[in-house]
Amino acid sequence: MELEVRIETWPYATPFRITNYVFTGAEVVVVTLREEGLAGRGEAGGVYYLDETAASMAEEIEAVRRSIEAGLDREALRALMPPGGARNGLDAALWDLEAKRGGEPAWKLAGTAPPRPLTTTFTVGAGAPEEMAAAALAYKSALAIKIKLTSDDPVGCVRAVRAARPDVWLGIDANQAFSRRELERLLPELGEAKVALIEQPLPVGEDADLEGLASPIPLAADESLQGLAGLAALVGRYDVVNIKLDKSGGLTEGLAMAREARRLGLKVMVGCMSGTSLAVAPAFVLGQSCDFVDLDGPTFLSGDRDAPAVYAGGQIWCPDALWGGKARARSPMETTI
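Sequential numbering from 1 applies to the sequence shown in my numbering.
Just so you know, these hints were derived from the structure itself, not from any lab. Incorrect hints may have been included.
Stated by the list, open to error - With a straight-line cut-off of 20 angstroms between C-alpha atoms, the simulated SDA-like cross-links for lysine to any residue are:
#1 LYS140 <-> ALA163
#2 LYS194 <-> LYS108
#3 LYS194 <-> ALA208
#4 LYS194 <-> GLY236
#5 LYS108 <-> ALA39
#6 LYS267 <-> GLY313
#7 LYS267 <-> GLY236
Just need the whole structure built from these sequences, with the hints factored in.
Put into structure tokens, the structure is as follows:
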């Protein structure tokens with residue numbers, strides 16, 4: 001098996017703001033595994049708040065080149081590398097290569113039902129209330145919207161977006177911006193705005209503060225969950241877990257996390273970090289069995305891959321030609337948002 005590692009930069013159409021961070025583009029590592037004329041690809045953007053970069057992920061991958069080229073499988077990879085973006089890129093390439101080698105699509109190898117288009121959230125970055133309302137209106141066909149909040153006028157922002165889009169499912173992502181006291185104060189007004197999900201309200205490390213909080217709105221853990229080992233600690237604190245493959249280290253662990261979350265009584269969300277359609281394609285497979293889907297990352301880019309994910313009617317569809325199988329003769333969806 002031959003390993004190729006490449007760093008690519010994909011600019012955003014416009015900057016995107018969350019709590020304490022502004023994204024201007026996606027710098028990703030692309031992994032290609034070649035064997036007997038076949039090539040499997042994977043992409044990872046890494047976990048920015050853990051200081052992962054494309055360069056650091058490339059270094060991690062290079063450090064295990066000999067083991068990779070010797071022909072290890074996905075389970076051996078989980079034992080070799082910790083969760084994170086580097087392992088995700090390799091895991092995705094192994095899935096893609098396995099699908100091509102055996103002539104079976106990745107979704108079938110994963111044991112899921114034939115894929116269907118999924119309703120995904122479309123994300124509005126943090127900003128002034130009027131800016132966020134305008135951004136929500138721009139998603140004309142969205143069925144679900146997630147807004148990024150900071151400590152700057154969160155209620156005003158939620159009200160503005162809800163007034164602009166009274167028709168959509170609405171979730172909020174605080175990205176660790178609140179304390180328990182602030183969250184308790186906000187809950188009644190968020191409920192009045194028909195907010196359906198609150199993602200990562202408290203900083204990492206303060207999850208215990210959520211114990212005993214009878215929130216009428218489901219709470220989702222994102223930054224507080226990295227891999228399979230962290231799931232049990234979330235029970236009694238959160239209702240939903242957000243699985244991102246760059247955090248978990250790939251689809252292999254992501255599928256295991258989803259099964260374990262169900263066993264623990266938690267609902268499952270699939271999300272994504274910065275990246276192209278190649279990065280969200282494995283997550284689309286996981287999304288087939290999730291309660292919530294947040295896979296709009298490629299829509300922020302000024303350009304995308306060949307055979308990209310299709311966004312139409314508030315849904316996402318990933319063609320086999322992109323990753324994990326052979327090309328379909330025709331996409332079941334239109335090609336415009």
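**Prompt:** Given the hinted pair LYS194 and GLY236, is their alpha-carbon gap at most 20 angstroms?
**Reply:** Violated: LYS194 and GLY236 sit about 23 angstroms apart, past 20 angstroms.
**Prompt:** Quick one, are LYS140 and ALA163 close enough, alpha carbons at most 20 angstroms?
**Reply:** holds (14 angstroms)
**Message:** Checking one constraint from the list: CA of LYS194 to CA of ALA208, max 20 angstroms. Satisfied?
**Reply:** At roughly 26 angstroms apart (the allowed maximum being 20 angstroms), ALA208 and LYS194 break the hint.
**Message:** Need the status of pair LYS267, GLY236: alpha-carbon distance at most 20 angstroms?
**Reply:** Answer holds: LYS267 to GLY236 is near 13 angstroms, not above 20 angstroms.
**Request:** Below or equal to 20 angstroms on CA atoms is what counts here, so check LYS194 against LYS108.
**Result:** violated (37 angstroms)
**Item:** Given pair status - GLY313, LYS267, alpha carbons within 20 angstroms
**Value:** violated (25 angstroms)
**Prompt:** Holds or violated: LYS108 with ALA39, Cα cutoff 20 angstroms?
**Reply:** holds (19 angstroms)
Checked against the numbered hints listed earlier, the structure breaks hints 2, 3, 4 and 6; every other hint is satisfied.
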